[in-house]
Amino acid sequence: MHAIEIQGFSKNYAVGFWKKQLQPALRSLNLTVEAGETFGFLGPNGAGKTTTLKLLLGITFPTAGSAKILGKDFRDPEVKSRIGFLPEQPYFYDYLSAPELLDYYAQLSGVPAAGRAQRIQELLQRVGLGDVRNKHLRKFSKGMLQRVGIAQAIVHDPEVIFLDEPMSGLDPLGRHEVRELIQGLKDAGRTIFFSTHILSDAEALCDRVAVIHKGELRGVGVVNDLRSSSADKVEVIWQGAKALPALAGHVPESHVTGDTVRATISAEDLDLVLEKLRQERARLTSVTPLRGTLEEYFLAKTSGTGEERA
Amino acid sequence: MTSRLAAITLNTFREAIRDRVLYNLILFVLLLVASAPLFGAISIDIERLVLVNLSLTSISLFGVIIAIFIGTGLVSKEIEKKTLYTILSRPVRRWEFILGKYFGLLLTLVVNTGLMTLGFYAALLITTHKLTPADARLLVAVYFIILQFLIVTAITLLFSSFSTPIFSAVFSFALFVIGTFAEDLRSFAAMTPGPAGWLATVAGYAVPNFASLNVISQVAHDQPVSGSLIAFNTLYALLYSAAVTAGAVLIFERRNLK
Amino acid sequence: MNRSATTVAAVLMVTLFVGSIFALRKVESLRGKEASLEEILYLPSGKVLKRLSLGYSGLLANIYWTRAVQYFGSKRKERATRYDLLAPLLDITTDLDPKLIVAYETGSIFLSQKVPEGAGQPEKAVALVEKGIRENPDNWRLYFTLGFIHYLDRKDFKSAQQAFQKGSEVPGAHPWMKVMAARMAEQGNTTAVALELWNAIYQANKDQMLRETALKHIVSLRATLEMEELSRRIEAYRQKTGVLPSAWGDLVRAGLLRSVPRDPTGSPYRLMTNGVVGVEDPGKFPFLAENTQLK
Chain A
16 MHAIEIQGFS KNYAVGFWKK QLQPALRSLN LTVEAGETFG FLGPNGAGKT
66 TTLKLLLGIT FPTAGSAKIL GKDFRDPEVK SRIGFLPEQP YFYDYLSAPE
116 LLDYYAQLSG VPAAGRAQRI QELLQRVGLG DVRNKHLRKF SKGMLQRVGI
166 AQAIVHDPEV IFLDEPMSGL DPLGRHEVRE LIQGLKDAGR TIFFSTHILS
216 DAEALCDRVA VIHKGELRGV GVVNDLRSSS ADKVEVIWQG AKALPALAGH
266 VPESHVTGDT VRATISAEDL DLVLEKLRQE RARLTSVTPL RGTLEEYFLA
316 KTSGTGEERA
Chain B
126 MTSRLAAITL NTFREAIRDR VLYNLILFVL LLVASAPLFG AISIDIERLV
176 LVNLSLTSIS LFGVIIAIFI GTGLVSKEIE KKTLYTILSR PVRRWEFILG
226 KYFGLLLTLV VNTGLMTLGF YAALLITTHK LTPADARLLV AVYFIILQFL
276 IVTAITLLFS SFSTPIFSAV FSFALFVIGT FAEDLRSFAA MTPGPAGWLA
326 TVAGYAVPNF ASLNVISQVA HDQPVSGSLI AFNTLYALLY SAAVTAGAVL
376 IFERRNLK
Chain C
3 MNRSATTVAA VLMVTLFVGS IFALRKVESL RGKEASLEEI LYLPSGKVLK
53 RLSLGYSGLL ANIYWTRAVQ YFGSKRKERA TRYDLLAPLL DITTDLDPKL
103 IVAYETGSIF LSQKVPEGAG QPEKAVALVE KGIRENPDNW RLYFTLGFIH
153 YLDRKDFKSA QQAFQKGSEV PGAHPWMKVM AARMAEQGNT TAVALELWNA
203 IYQANKDQML RETALKHIVS LRATLEMEEL SRRIEAYRQK TGVLPSAWGD
253 LVRAGLLRSV PRDPTGSPYR LMTNGVVGVE DPGKFPFLAE NTQLK
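Chains as they are written, first to last, in this note's numbering: chain A, 16 to 325; chain B, 126 to 383; chain C, 3 to 297.
If you are wondering where the hints come from, they were derived from the structure by calculation, not from laboratory data.
The beta-carbon is built from N, C-alpha and C at its ideal position, and this holds for glycine as well.
Among these hints, one or two may not hold up.
Restraint-style ranges between C-beta atoms, simulated for each label pair [claimed, not checked]:
{"#": "1", "chain 1": "B", "residue 1": "Ile151", "chain 2": "A", "residue 2": "Gln136", "range": "30 to 38 Å"}
{"#": "2", "chain 1": "B", "residue 1": "Gly239", "chain 2": "A", "residue 2": "Asp172", "range": "51 to 59 Å"}
{"#": "3", "chain 1": "C", "residue 1": "Val50", "chain 2": "B", "residue 2": "Thr289", "range": "35 to 43 Å"}
{"#": "4", "chain 1": "B", "residue 1": "Leu240", "chain 2": "A", "residue 2": "Arg148", "range": "27 to 35 Å"}
{"#": "5", "chain 1": "A", "residue 1": "Asp88", "chain 2": "B", "residue 2": "Thr289", "range": "51 to 59 Å"}
{"#": "6", "chain 1": "A", "residue 1": "Arg148", "chain 2": "B", "residue 2": "Leu152", "range": "26 to 34 Å"}
{"#": "7", "chain 1": "A", "residue 1": "Asp172", "chain 2": "B", "residue 2": "Leu240", "range": "55 to 63 Å"}
{"#": "8", "chain 1": "A", "residue 1": "Lys150", "chain 2": "C", "residue 2": "Ser31", "range": "56 to 64 Å"}
{"#": "9", "chain 1": "A", "residue 1": "Asp88", "chain 2": "B", "residue 2": "Val327", "range": "40 to 48 Å"}
{"#": "10", "chain 1": "A", "residue 1": "Arg90", "chain 2": "B", "residue 2": "Gly239", "range": "36 to 44 Å"}
A few chain C residues that don't get close to chain B, going by computed Cβ distances all over 12 Å [as the list claims (entries may be wrong)]:
{"#": "11", "residue": "Ala11"}
{"#": "12", "residue": "Arg69"}
{"#": "13", "residue": "Glu80"}
{"#": "14", "residue": "Val117"}
{"#": "15", "residue": "Tyr204"}
No farther apart than 30 Å at their CA atoms in a straight line, the calculated lysine-lysine pairs in the DSSO-like style are these [as the list claims (entries may be wrong)]:
{"#": "16", "chain 1": "C", "residue 1": "Lys49", "chain 2": "C", "residue 2": "Lys180"}
{"#": "17", "chain 1": "C", "residue 1": "Lys101", "chain 2": "C", "residue 2": "Lys52"}
{"#": "18", "chain 1": "A", "residue 1": "Lys150", "chain 2": "B", "residue 2": "Lys207"}
{"#": "19", "chain 1": "C", "residue 1": "Lys133", "chain 2": "C", "residue 2": "Lys28"}
{"#": "20", "chain 1": "A", "residue 1": "Lys150", "chain 2": "B", "residue 2": "Lys202"}
{"#": "21", "chain 1": "A", "residue 1": "Lys157", "chain 2": "B", "residue 2": "Lys202"}
{"#": "22", "chain 1": "C", "residue 1": "Lys126", "chain 2": "C", "residue 2": "Lys168"}
{"#": "23", "chain 1": "A", "residue 1": "Lys248", "chain 2": "B", "residue 2": "Lys202"}
{"#": "24", "chain 1": "C", "residue 1": "Lys116", "chain 2": "C", "residue 2": "Lys208"}
{"#": "25", "chain 1": "A", "residue 1": "Lys87", "chain 2": "B", "residue 2": "Lys207"}
{"#": "26", "chain 1": "A", "residue 1": "Lys35", "chain 2": "B", "residue 2": "Lys206"}
{"#": "27", "chain 1": "A", "residue 1": "Lys248", "chain 2": "A", "residue 2": "Lys291"}
{"#": "28", "chain 1": "A", "residue 1": "Lys83", "chain 2": "B", "residue 2": "Lys206"}
{"#": "29", "chain 1": "C", "residue 1": "Lys101", "chain 2": "C", "residue 2": "Lys49"}
{"#": "30", "chain 1": "B", "residue 1": "Lys206", "chain 2": "A", "residue 2": "Lys229"}
{"#": "31", "chain 1": "A", "residue 1": "Lys229", "chain 2": "B", "residue 2": "Lys207"}
{"#": "32", "chain 1": "A", "residue 1": "Lys35", "chain 2": "B", "residue 2": "Lys383"}
{"#": "33", "chain 1": "B", "residue 1": "Lys255", "chain 2": "A", "residue 2": "Lys83"}
{"#": "34", "chain 1": "A", "residue 1": "Lys154", "chain 2": "B", "residue 2": "Lys206"}
{"#": "35", "chain 1": "B", "residue 1": "Lys255", "chain 2": "A", "residue 2": "Lys150"}
{"#": "36", "chain 1": "A", "residue 1": "Lys35", "chain 2": "B", "residue 2": "Lys255"}
{"#": "37", "chain 1": "A", "residue 1": "Lys154", "chain 2": "B", "residue 2": "Lys202"}
{"#": "38", "chain 1": "A", "residue 1": "Lys35", "chain 2": "B", "residue 2": "Lys202"}
{"#": "39", "chain 1": "C", "residue 1": "Lys126", "chain 2": "C", "residue 2": "Lys101"}
{"#": "40", "chain 1": "B", "residue 1": "Lys207", "chain 2": "A", "residue 2": "Lys157"}
Could you build all of it, start to finish, from the sequences and the hints given here?
Here you go:
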């Protein structure tokens, strides 16, 4: 059984004053996520990531298509008690404390009263908010709110967890902490479906990724495969464009700006290229190993028609 | 279902009473009630009358303002802050959400009215030095005010289910004013022949009717309010507010949220 | 979207709304009984209301005018003998909007007419129109209304003549006002003048109740004039033949009438054995008896 199975999801938004024009936000999306998988949903801003999540969660209604979550129709109320959701940059009820908020959400998800308080206390400890007590949420920092957000998404111990841009708007420390939390959920065997435009997060956490651009699915891949299939490359930058002809055959890709050359070469050719540059009296500016295999994949999938990039 | 409904109701109530603007309004009403004996001192021999009219009118008007003020933001605020997403991704039906919001706001208003009524009776006791059975009859007016809130709350929620808070507030207040003159609207209709008259008749019954729910001056003069009027006013308020709430559910069930 | 919830909500909305209309109608009928008492007790002063209306006194005046008309209409329908609230309601209306001419014009005639056609309060009607003239001295039609009330309801021909005279001096007044002033002076109270006045009222007003009243007067007055003429013909017949006619046919044969005379409602006039003329259905001519007192 797939944890998530999307069949032909399409969504058109009506735009314009009279709402007559239809603008497609998502075009016939097909996607499956296996149970226990951590699945990254990648795409630049406005690609249709949040739309997909809103459709799956019943916040908006698909123009066409259907989906199954945990083997049941995605609109089945029973499914909803087994999934959790963290919206992008969440804000919550200003005048509630974190325990009150979690208690409210636990009630809505049907968590029995017995042991609820204890579970909430444990959860707050786990997300690093063990000492907030009765502080109202409007006094929380962005990072604290994000942690409350994760806590509310898992307060009912769901099997599938949807996270929309869980690291956006956080400082490096906050990002690290959230990454740890997601890793913890992954280790506990939960299915995690998260959207992001930050590739390093996806690379660090995901088993598989899908790339979506302009409402269309551009590709799905296993992160480890992408990593091994791609040969190591090095970026070399130097001053002295006249050295370029001497390197013919070793520089598959280069950009020249004035006298500055930026070239991507195979790691095996590095010694040879550097030697030639010395001979041509070019001044070397930098040598950087390129590790972004996922980035390459992403750029390949979103290039051509994509003008906006993450 | 009941537990989810109760949770949304109580959360709405809790949010509302923790919002400080609400305290300001209540404070204002309490001040007004407290200053009523002064008004009474100016108008010789009718202290009680002035106190009753002024207090009950304040309770009614401020309740309506609170209802519109909070009610119009109830749904739109949850959309704006995306808290609605975290609710609708749970096993909560959309109609449960609307009903929970409705009962939550109503509970807020009933509790407020209760507090203000207590303040009012305290002022009455101070002014007249003793409470008589006639004073108990004033509770009919308070009960009718609560019936008004039943309708106002449903209307603000209806607008809130598809419009922005500002527009909702304007529409709701306009409808409250029109509703106060609904009887006159029907009189206009009776005087106007042809399609315009028909239209006015339809409007006269479609808008909420608040005039018959206002018996403040009547009870202030110790005029009795018949039991059957109480019964049918109750029936009207229940049916009308339920119809409007059903309309809000109808809109909200179909709404694609941004 | 959840189809069953949508359907249930739609059905509930319609059913409950229809139910609320029935409840409201019941509330209205219950309040009808209680409201009359309530209204007498809590009639506010127009001047206070004007302050309280925060500048929206025009709208409030329109509402009070509607209330006055509704009050008058419902009282007349139940054939009430007292119209206690009419004068105060009109007073409030004109306090709120002193330029609301219709309230003076139509309202004063409601007030001055005899019960059950009106409130039977010609003095209050005169006061109301005089207030209107104070506020709107340029409106010659108010002078007409004043003269009308003085003439027909108060039988005060001198005041009536003064009213028409003053009205005729207002710039833009209808020349006919001068004619009326002269008639008042010359003839006093006659059926023909009354008919002319009521015709003017009928043509100048749009209010349904007022027009109905005017029409009743007009048919009564016309019948009076016709019956006077018929009486003269009967007298001519008697002088010619020495006996009273036994039927209208006698007069037709004698060349005194072209056919059987019919009253303004279309029924033939009745000819009594003593030579007196009557109408078939006196209920249709409520002011006939009153008119016979006229010269």
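Decide if the proposed pair is consistent with the structure: A/Lys150 and B/Lys202, CA atoms, cutoff 30 Å inclusive.
-> Distance ~21 Å between A/Lys150 and B/Lys202 Cα, so the pair holds.
Please work out if A/Lys229 and B/Lys207 have their alpha carbons no farther apart than 30 Å.
-> Holds, at roughly 23 Å.
For the pair C/Val50 and B/Thr289, does the Cβ-Cβ distance stay inside 35 to 43 Å?
-> holds (38 Å)
Is A/Lys157 close enough to B/Lys202, meaning Cα to Cα at most 30 Å?
-> This hinted pair holds, its Cα atoms lying about 19 Å apart.
Holds or violated: A/Lys150 to B/Lys207, with C-alpha atoms at most 30 Å apart | The hint holds at about 21 Å.
Does C/Arg69 really sit off the interface, with its C-beta more than 12 Å from all C-beta atoms of chain B?
-> violated (7 Å)
Does C/Lys101 pair with C/Lys49 here, judged by a C-alpha cut-off of 30 Å?
-> holds (15 Å)
C/Lys49 and C/Lys180: Cα distance at most 30 Å?
-> Not satisfied, since the Cα-Cα distance of roughly 37 Å exceeds 30 Å.
Are the Cα positions of C/Lys126 and C/Lys168 separated by 30 Å at most?
-> holds (21 Å)
Is 56 to 64 Å a correct range for the gap between the Cβ atoms of A/Lys150 and C/Ser31?
-> holds (58 Å)
Going straight from one Cα to the other, do B/Lys206 and A/Lys229 come out at no more than 30 Å?
-> With a Cα-Cα distance of about 26 Å, the restraint between B/Lys206 and A/Lys229 holds, given a limit of 30 Å.
Restraint status (C-alpha distance of A/Lys248 to B/Lys202 at most 30 Å) = The hint is violated at about 50 Å.
Of the numbered hints given earlier, the model fails hints 2, 5, 7, 11, 12, 16, 19, 23, 33, 35, 36; all others are met.
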